[in-house]
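A.B. asks: Residue numbers (numbering that gives the first Met the number 0), protein chains in the order written: chain A, 0 to 203; chain B, 0 to 203.
By construction, these hints were calculated from the structure, which means they are not laboratory data.
There could be a bad hint or two in this list.
Unchecked claim - If we take Cβ atoms under 8 Å as the criterion, some of the chain B residues that face chain A in the derived model are:
(1) ASN77
(2) MET78
(3) LYS79
(4) TYR173
(5) CYS176
(6) ILE182
(7) ARG201
Claimed, not checked - Residues of chain A placed beyond 12 Å of chain B at every Cβ, according to the derived structure:
(8) LYS18
(9) ALA38
(10) GLU110
(11) LYS200
Claimed, not checked - 25 Å max Cα-Cα, derived PhoX-like pairs, lysine-lysine:
(12) A:LYS166 to B:LYS157
(13) B:LYS186 to B:LYS89
(14) B:LYS146 to A:LYS166
(15) A:LYS196 to B:LYS166
(16) B:LYS196 to A:LYS18
(17) B:LYS186 to B:LYS200
(18) A:LYS157 to A:LYS89
(19) B:LYS166 to A:LYS146
(20) A:LYS149 to B:LYS166
(21) B:LYS94 to B:LYS166
(22) A:LYS166 to B:LYS31
(23) A:LYS157 to A:LYS146
(24) A:LYS31 to A:LYS153
(25) B:LYS89 to A:LYS200
(26) B:LYS153 to A:LYS196
(27) A:LYS200 to B:LYS186
(28) B:LYS200 to A:LYS186
(29) B:LYS89 to A:LYS196
(30) A:LYS153 to B:LYS157
(31) B:LYS196 to B:LYS94
(32) A:LYS200 to B:LYS18
(33) A:LYS149 to A:LYS166
(34) A:LYS89 to A:LYS200
(35) A:LYS166 to B:LYS40
(36) A:LYS186 to B:LYS196
(37) B:LYS200 to A:LYS18
(38) B:LYS186 to B:LYS146
(39) B:LYS166 to A:LYS157
(40) A:LYS166 to B:LYS89
A virtual CB, placed ideally from N, CA and C, is assigned to each residue, including glycine.
Chain residues, written in single-letter form:
Number of protein chains: 2
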Amino acid sequence: MNVITISREFGSGGRELGKRLADILDIAYYDKEIISAIAGKSGLDERYVANISEKGICTYPLTFGRTLSLYTDVQDNNMKILVTQQQILKELADKGDCVIVGRCADVILREYNPFNLFIYASMSSKIRRCRERASADEKFTDHEMEKRIKRIDKERAKYSELFLDVKWGAKEGYHLCINTSDIEIEKLTPFVAEYAKNWFKRNE
Amino acid sequence: MNVITISREFGSGGRELGKRLADILDIAYYDKEIISAIAGKSGLDERYVANISEKGICTYPLTFGRTLSLYTDVQDNNMKILVTQQQILKELADKGDCVIVGRCADVILREYNPFNLFIYASMSSKIRRCRERASADEKFTDHEMEKRIKRIDKERAKYSELFLDVKWGAKEGYHLCINTSDIEIEKLTPFVAEYAKNWFKRNE
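Please work from the sequences and hints to get the whole structure.
C.D. replies: Given below as structure tokens:
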């Protein structure tokens, strides 16, 4: 199976690149679908799963039905989510060629020999991208936006530390690192698609 | 002018990529030519210039004719080489589109808005590449080869600290970082060429 994984800084356009890449290559794209699959499999609340899925920490109250869980349950459930996520990532990869965004798929699916991309950008460019896709009622200042971007990336890095022997975002862990500052993702995608195709050909 | 700069780990195939890229794009390629130009302009020994040019440190005895120079002269001449190098890089960039390998051209030519590549690879892949291009009488063990690779990269990083506000090799300083582990540079080059063309189009 040809698996492309996309790790990305918040606001770098990595998700958009992933979607477009899957479109161009005509292969499956998995991102939030993973959350629903984990929720379905584990019986846990989807919002809760979303929080754990890329953070590995609990910031959303965990409930089964209407019962707020105890701390030990939370720990158990976090573990459950991580384990379920690993199973699901492998199930998805087994289904066929795909693009998977985030969730340490680059490491979890190492045995599939995936093509691992890291997408990053300058802070000003990330703030601009976040503004473009924000809803009209979102009223963050640049400073608040920057804090938010840094917080989310810190969580992603922390989560990845569970699996990784190299630092999240350190180029050594990826096959190609793309700086998307001031770049239109749409224009970028065909080149990445060609690069990926060539990369897989090499491994055939 | 469209300037492509290539920073690279020793043994990553960055120089080969640079040459091939210049060939495909039909633009000038500058690497060792820079050394000769500096030597010519400064009147200094070419081997000495080569040592300073990317290291910023003196490991080769400096002579004018047959007179071994004093330490203060060495310092002055190192400065002279660095300044001359900066002038020459700008002169080359003014001449027309080009690929420049090493020498912190990415930073020195910042005003030209260059397309900055960083080429890297796993240690095993770098050792393999070094072996392939080594002369028959070179008898390094893997361990010695690794030490050599690390030493050269350390010198490059040290030199770049003179100019850079970010760490040498930190992806933030580059537009594209390519992991060449187990990749044939020849096959890789057309994609990088297309990427670069597209990148410059964006800036027109």
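A.B. asks: The structure should be examined with respect to each hint, and the outcome stated for every one.
C.D. replies: Hints and how they fare:
{"no.": "1", "hint": "ASN77", "verdict": "30 Å, violated"}
{"no.": "2", "hint": "MET78", "verdict": "32 Å, violated"}
{"no.": "3", "hint": "LYS79", "verdict": "34 Å, violated"}
{"no.": "4", "hint": "TYR173", "verdict": "6 Å, holds"}
{"no.": "5", "hint": "CYS176", "verdict": "4 Å, holds"}
{"no.": "6", "hint": "ILE182", "verdict": "7 Å, holds"}
{"no.": "7", "hint": "ARG201", "verdict": "7 Å, holds"}
{"no.": "8", "hint": "LYS18", "verdict": "19 Å, holds"}
{"no.": "9", "hint": "ALA38", "verdict": "34 Å, holds"}
{"no.": "10", "hint": "GLU110", "verdict": "17 Å, holds"}
{"no.": "11", "hint": "LYS200", "verdict": "8 Å, violated"}
{"no.": "12", "hint": "A:LYS166 to B:LYS157", "verdict": "22 Å, holds"}
{"no.": "13", "hint": "B:LYS186 to B:LYS89", "verdict": "31 Å, violated"}
{"no.": "14", "hint": "B:LYS146 to A:LYS166", "verdict": "23 Å, holds"}
{"no.": "15", "hint": "A:LYS196 to B:LYS166", "verdict": "32 Å, violated"}
{"no.": "16", "hint": "B:LYS196 to A:LYS18", "verdict": "24 Å, holds"}
{"no.": "17", "hint": "B:LYS186 to B:LYS200", "verdict": "23 Å, holds"}
{"no.": "18", "hint": "A:LYS157 to A:LYS89", "verdict": "22 Å, holds"}
{"no.": "19", "hint": "B:LYS166 to A:LYS146", "verdict": "23 Å, holds"}
{"no.": "20", "hint": "A:LYS149 to B:LYS166", "verdict": "20 Å, holds"}
{"no.": "21", "hint": "B:LYS94 to B:LYS166", "verdict": "29 Å, violated"}
{"no.": "22", "hint": "A:LYS166 to B:LYS31", "verdict": "35 Å, violated"}
{"no.": "23", "hint": "A:LYS157 to A:LYS146", "verdict": "16 Å, holds"}
{"no.": "24", "hint": "A:LYS31 to A:LYS153", "verdict": "20 Å, holds"}
{"no.": "25", "hint": "B:LYS89 to A:LYS200", "verdict": "40 Å, violated"}
{"no.": "26", "hint": "B:LYS153 to A:LYS196", "verdict": "34 Å, violated"}
{"no.": "27", "hint": "A:LYS200 to B:LYS186", "verdict": "11 Å, holds"}
{"no.": "28", "hint": "B:LYS200 to A:LYS186", "verdict": "11 Å, holds"}
{"no.": "29", "hint": "B:LYS89 to A:LYS196", "verdict": "37 Å, violated"}
{"no.": "30", "hint": "A:LYS153 to B:LYS157", "verdict": "29 Å, violated"}
{"no.": "31", "hint": "B:LYS196 to B:LYS94", "verdict": "19 Å, holds"}
{"no.": "32", "hint": "A:LYS200 to B:LYS18", "verdict": "24 Å, holds"}
{"no.": "33", "hint": "A:LYS149 to A:LYS166", "verdict": "16 Å, holds"}
{"no.": "34", "hint": "A:LYS89 to A:LYS200", "verdict": "22 Å, holds"}
{"no.": "35", "hint": "A:LYS166 to B:LYS40", "verdict": "44 Å, violated"}
{"no.": "36", "hint": "A:LYS186 to B:LYS196", "verdict": "12 Å, holds"}
{"no.": "37", "hint": "B:LYS200 to A:LYS18", "verdict": "24 Å, holds"}
{"no.": "38", "hint": "B:LYS186 to B:LYS146", "verdict": "29 Å, violated"}
{"no.": "39", "hint": "B:LYS166 to A:LYS157", "verdict": "22 Å, holds"}
{"no.": "40", "hint": "A:LYS166 to B:LYS89", "verdict": "36 Å, violated"}
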